[in-house]
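Trainee: The lines below spell out each chain.
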Amino acid sequence: MTDGTSNRPAPRRVDRAGLVIALALAVLAAVLVWDASQLQSATTYGMGPGAMPVVVAVGLGLLAIGNLIDALRGNLPPRESADVKAVLLILIGLALLIAIIGFGGGFILATSALFVTTSAAFGRRAIVTDIVIALVLTTLIYLAFDKLLTLSLPSGPLERLL
Amino acid sequence: METFAALAHGMAVAVQPMNLLYALIGVFLGTAVGVLPGIGPALTVALLLPVTYKLDPGGSLIMFAGIYYGGMYGGSTTAILINTPGESASMATALEGNKMAKAGRGGPALATAAIGSFVAGTLATIGLAFLAPWLVDVAVRFGPEDYFALMCVAFVTVSATFGDSPIRGLTSLFIGLTLGLVGIDKLTGQPRLSFGVPELLDGVEVTTLAVGLFAVGEALYVVSRRHHAEEKLEPVRGSLWMTAQDWKRSWKAWLRGTMFGFPIGALPAGGAEIPTFLSYSTERRLTNYPQEFGKGAIEGVAGPEAANNASAAGTLVPLLTLGLPTSATAAMMLAGFQQYGLNPGPLLFAERPDLVWGLIASLFIANVMLLVLNLPLVGLWVKLLAIPQPWLYAGILVFATMGTIAAKPSVVELSMLAGFGVLGFLMRRFDFPIAPVVVGLILGPIAESQLRRALQISLGDPMTLLQSPMSATLLAIALIALIAPFVMKGLGRFKASED
Numbered sequence: 001m002t003d004g005t006s007n008r009p010a011p012r013r014v015d016r017a018g019l020v021i022a023l024a025l026a027v028l029a030a031v032l033v034w035d036a037s038q039l040q041s042a043t044t045y046g047m048g049p050g051a052m053p054v055v056v057a058v059g060l061g062l063l064a065i066g067n068l069i070d071a072l073r074g075n076l077p078p079r080e081s082a083d084v085k086a087v088l089l090i091l092i093g094l095a096l097l098i099a100i101i102g103f104g105g106g107f108i109l110a111t112s113a114l115f116v117t118t119s120a121a122f123g124r125r126a127i128v129t130d131i132v133i134a135l136v137l138t139t140l141i142y143l144a145f146d147k148l149l150t151l152s153l154p155s156g157p158l159e160r161l162l
Numbered sequence: 001m002e003t004f005a006a007l008a009h010g011m012a013v014a015v016q017p018m019n020l021l022y023a024l025i026g027v028f029l030g031t032a033v034g035v036l037p038g039i040g041p042a043l044t045v046a047l048l049l050p051v052t053y054k055l056d057p058g059g060s061l062i063m064f065a066g067i068y069y070g071g072m073y074g075g076s077t078t079a080i081l082i083n084t085p086g087e088s089a090s091m092a093t094a095l096e097g098n099k100m101a102k103a104g105r106g107g108p109a110l111a112t113a114a115i116g117s118f119v120a121g122t123l124a125t126i127g128l129a130f131l132a133p134w135l136v137d138v139a140v141r142f143g144p145e146d147y148f149a150l151m152c153v154a155f156v157t158v159s160a161t162f163g164d165s166p167i168r169g170l171t172s173l174f175i176g177l178t179l180g181l182v183g184i185d186k187l188t189g190q191p192r193l194s195f196g197v198p199e200l201l202d203g204v205e206v207t208t209l210a211v212g213l214f215a216v217g218e219a220l221y222v223v224s225r226r227h228h229a230e231e232k233l234e235p236v237r238g239s240l241w242m243t244a245q246d247w248k249r250s251w252k253a254w255l256r257g258t259m260f261g262f263p264i265g266a267l268p269a270g271g272a273e274i275p276t277f278l279s280y281s282t283e284r285r286l287t288n289y290p291q292e293f294g295k296g297a298i299e300g301v302a303g304p305e306a307a308n309n310a311s312a313a314g315t316l317v318p319l320l321t322l323g324l325p326t327s328a329t330a331a332m333m334l335a336g337f338q339q340y341g342l343n344p345g346p347l348l349f350a351e352r353p354d355l356v357w358g359l360i361a362s363l364f365i366a367n368v369m370l371l372v373l374n375l376p377l378v379g380l381w382v383k384l385l386a387i388p389q390p391w392l393y394a395g396i397l398v399f400a401t402m403g404t405i406a407a408k409p410s411v412v413e414l415s416m417l418a419g420f421g422v423l424g425f426l427m428r429r430f431d432f433p434i435a436p437v438v439v440g441l442i443l444g445p446i447a448e449s450q451l452r453r454a455l456q457i458s459l460g461d462p463m464t465l466l467q468s469p470m471s472a473t474l475l476a477i478a479l480i481a482l483i484a485p486f487v488m489k490g491l492g493r494f495k496a497s498e499d
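Residue numbers (our numbering), protein chains in the order written: chain A, 1 to 162; chain B, 1 to 499.
Don't read these hints as lab results, they were simulated from the structure. Accuracy of the hints is not assured; some may be wrong.
To be verified - Calculated pairs, DMTMM-like style, for lysine to aspartate or glutamate (alpha carbon to alpha carbon, straight line, at most 20 Å):
1) B:K408 <-> A:E159
2) B:K54 <-> A:D146
3) B:K186 <-> B:D202
4) B:K102 <-> B:D354
5) B:K186 <-> A:E159
6) A:K147 <-> B:D56
7) B:K54 <-> B:E292
8) B:K295 <-> B:D246
9) B:K186 <-> B:E205
10) B:K248 <-> B:E292
11) B:K252 <-> B:E292
12) B:K408 <-> A:D35
13) B:K186 <-> B:E199
14) B:K408 <-> B:D246
15) B:K408 <-> B:D137
Unchecked claim - Some chain B residues near chain A, calculated using beta-carbon distances under 8 Å:
16) L177
17) L193
18) L342
19) P390
20) L414
21) F430
Note that CB positions come from ideal geometry on N, CA and C, so glycine has one too.
Looking at chain A on its own, in the form it has when it is part of the complex (with noise of 0.2 Å):
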């Protein structure tokens, strides 16, 4: 891809996703240095266990700089606009599954919650419907990996009626 941009007579922008990316590398080199720091070295010859994250990090410091040019230069791949409100809603439906299993609502209802979200991610707009499917099959779901494969699975009210 590297020839097919420079190759384009369009005048080249700064990329300003690929300075964020750029920035967050150089973030992350920065916090491994920053942890190696705080381990004590015992050992007597060879690599200390704070040797290998300074390698990383400064393997990760040279690909900042690597990701910046590319942005300076514009050479990031193109990209189509997002569905923003898509994306967000599917990661409510994480959240919401993240919430349901900390809290003890168990399996079927979380993993429920994150179907019908994504579901309606995709454009779905009959949400009864959709919580129908998802509670018969979360819970089909349930019952062959909990009882047939004897997995455990977290339970909540709904499976403990089962």
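Using the hints provided, position chain B relative to the given structure of chain A.
Mentor: Okay, now just chain B, sitting in the frame of chain A:
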């Protein structure tokens, strides 16, 4: 001929009724999940790991063999019928196969893919069975410095050499290496990058990372551009069977595809894209029907599909003999071994020959089962493809989170899964490759411990890396492979020029 004896022993393990059943379940589930659009073989293995949690290692690995090949085959069905290859290795198949399906020749396209996969899978598994003992003999002589150097080669080739952008590939790799540092340092017991969170002391689970990046990331990516992409399912019309001419045009392509796929897969060079595209361009050059290429030529399906499967078997060579995963799928297979505390490599061949050879023998059996199952069941696979997108991705996410919930039902672990999902989404959006992250996570800690062991033996003298001829050679290869793409501006560009 120790290979024959070992293989016969493995066959005896594999044909036990329970193990045959495991292989059958594996093949069936692998194909069913692999057929779903957007799910490649690596994710298929990751999603189906929980199914094997409660099995004994032998049965579980045999089921894995089935899942592995089933997932590969399922991916090609998707590529042919809806032109959304779940992975780049199916892209060549999609090129011609989808055109064939549009022209009403979907049946023969699926048939040549299935039979080609069988031929290539069988030949490549024979190659694996004969190459493995020989490589094991070499590998037992490897010192820690040689292993470290070998892993450097794998790091570079997986991330930098063959991708579109070496910078982005290496960035992915280093994100993986960073994640690999999380947790208690095995040699000194000190926590790294754990920030006082007890759940992080065990490190990042490979399955959490893979399912987050592949399943959650893919769902977020697909939903973010649902107004751009349009998927159209081609119905399978007409006969499923190949005509005499189809056979005549296919068989050489299968064999040539195998010749490309197996050696390249067996080298720690990573990825099945290169052999599939080499096979595609070779078939296009050698064909007697050049006018059909781009419009649905059967050789263009037969060759790449064989190459893809042969390289899948090829990647098992470094995985089983050296413990070196060179693709995301192989990394997931390694995770499957590790859940039983098994580490593939020369030691495993010596200590658990029943497991290793049982697995290799099961690959043959899985191949036969795929051939028998797939063509008659094609109607069922097509129905799976017709699941409406909202329910499909909702179901994928339910299944994806279930794996994590079953393994570790903690808020931290699930938050990591969601976080990796966001990471996977961003990486797809900005065209960073995903596989190097998984390989970095799984190989990073192994490479570090080998390096530290080597330096301990040498009393801290880093020259030990250059004094072993094997290690010096491998490091030189790694260096060349790292510099080459910057000098030659992307070896991977031939991909773009093919279509």
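Trainee: Could you work out which earlier hints the structure fails to respect and list their numbers in ascending sequence?
Mentor: 4, 5, 7, 12, 14, 15, 18
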